[in-house]
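Colleague: Here is how the chains run, residue by residue.
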Amino acid sequence: MDQQRIGELVRVSARVRQLIVEVLICAGCGHPGGAFSSVDLMVGLYFHALRIDPKRPSAPDRDLFVLSKGHSSVGLYTVLHARGFLDEKTLMTFRQDGSALGGHPIKDKVPGIEVSTGSLGHGFSVAAGMALGIKKDGQAKRVFVMVGDGECQEGSVWEAAMFAAHYKLDNLVAIVDRNRIQIDGFTEDILALEPMVDKWEAFGWAVRRINGHSMTEIVAAMDALPLGKGRPSVIIADTVKGKGVSFMENNPAWHGGGISGANIEIARADTYWPGDKGV
Amino acid sequence: MSKQSIRHVYGACLTELGRKYPQLMVLDADLKESTQSIQFERVFPDRYIECGIAEQNMLCVAAGLALVGKIPVVHSFAAFIAMRACEQVRTSIAYPGLNVKIVGTHAGVTAGSAGTTHHALEDIAIMRAMAGMTVFVPGDARELEQVIAAAFVINGPVYIRLGAIDYEDVYRDSDQFISGRATLLRPGNDVTIMTTGHLMHAGVVAADILKDQHGISARVLQMASIKPLDHAAIVAAVRETAGIVTVEDHNILGGLGGAVCEAACAAGGARVERIGVKDGFCGVGSCAFLLQQQKVTVDSIVLAVLDICCQKRG
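So the sequences go chain by chain: A and B.
Numbering of the first sequence is given in this note's numbering, commencing with residue 50 and proceeding in unit increments.
Numbering of the second sequence is given in this note's numbering, commencing with residue 277 and proceeding in unit increments.
I should point out that these hints are in silico values taken from the structure, not numbers from a laboratory.
Backbone N, C-alpha and C define an ideal beta-carbon position, used for all residues, glycine too.
Please note that a few of the clues may not be correct.
[Stated by the list, open to error] Short derived list, chain B residues pointing at chain A, Cβ under 8 Å: (1) TYR324; (2) CYS327; (3) ALA330; (4) ASN333; (5) LEU341; (6) VAL344; (7) LYS346; (8) MET359; (9) GLU363; (10) GLN364; (11) SER368; (12) TYR371; (13) PRO372.
Based on the provided sequences and hints, a complete structural model is requested.
Modeller: See the structure below:
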């Protein structure tokens, strides 16, 4: 992977962060923390790993992506916009009355959303079902699913983890956004999740742990897929909740909320990209 | 009349449909003998997915399969599939309107001496409260065959409720199940008896006793299609007969009795006597013993009809 390409992806991430700030200012509410923590991963997916075409969003041979941590929808919508699935006018209707863009993604309302998610744990199992069906049909396409770290407290996540390993779903890739924060505080204080790598390995998955804000590591992990033969892959990405917006970073108070008042200028300044003239 | 194990009939039907629908896939949660999904597995092992004791995952896996073009049929006991995995059904199947068939066996008190943990007295109420869900409760082998065929014509979620017992044959050659329609088993104009599931047989027996011993003509409607419900049949019952007796192996809250009361009220109101489990849990015993204990019997139906007739005359 040449530095030119990494530079392009980093630039896209910066632009997506700027846009998320604008959407959250417009909406006045949302889930910024988990959207910002997963931006680099989402850009790695949508601009590098996923075999998709915004001109053919229903192409039968496309890779499928499921945002199991559906609350970070603003990140998904913004990346879909940046990738050409969604126009800016629609993007700016996020969470408005009658909008197609709900606080949690709604299937079929806009192109590129494969599954309605938001109830934690569901999307991961749904992705396992998709991967199984695709494998039964002998198709080459892959299923990617992003899971929140707090979401891994749901028992059904581990039902699905067992299931995917049992059925050798090596066409399934989970990405855990390990931002260490959930609504009520830090995951390790609320219901400890570590050791994450050991847990996933014990459940039969091929595991790689990366820095979820290093585009080089993200791209390298995605290029290495599948991580194991006959096993599902999981990329555990260590991230910072609220990454890129100073007052949100590592602050459990910013799981949910909009950007208003004095925070507007701070968030815009924080997401400014050198050499960029803004959005 | 003879009896048939409804689950064995079901397993055979499902296997037959497997030949017709190549996309059909069957899932079970470690209960394949009990639900008789094993019959399908024997013929189509590649299209059979054992999910283990993990119902929540199973329902969402089914959703995922439906999203890539399969027609999944999921199985477990009604108590587990409708309650343990309730939110998975509601949010990941009913909400997106996915083509998943959900089969709950051992419903009502038919699990008998297994006890309250294995009884399902709430599943009809739960499933019919979900938008977009179709709910069928067949009452004998022939009705079941027609219910299953109808369920596969629907491109959306369907809940099919079965018991663990042998079901008495009731359907005659002329009887036909149609989604959204009550099946008229006995014509009559004095009182209406509405049944669902295996209690269809009790309703018919009660009507025959009422006719032979009391000279009362009771209309018997089998309501296997709980949702969509046959509102026209209920309106007609309200207008043409003195009252309605509902009979179900379910809590009287929210099931057939509840559904009929809602429709009867909307039609201007009628006397509705609900026979079923009266908002309690049942203990240990055979299905017949427990139904007797709950007064879900032919005698109770006859007495309820007589009571309605008596008060109407008064």
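Colleague: Which of the numbered hints are not met once you compare them with the structure shown?
Modeller: Numbers 1, 8, in rising order.
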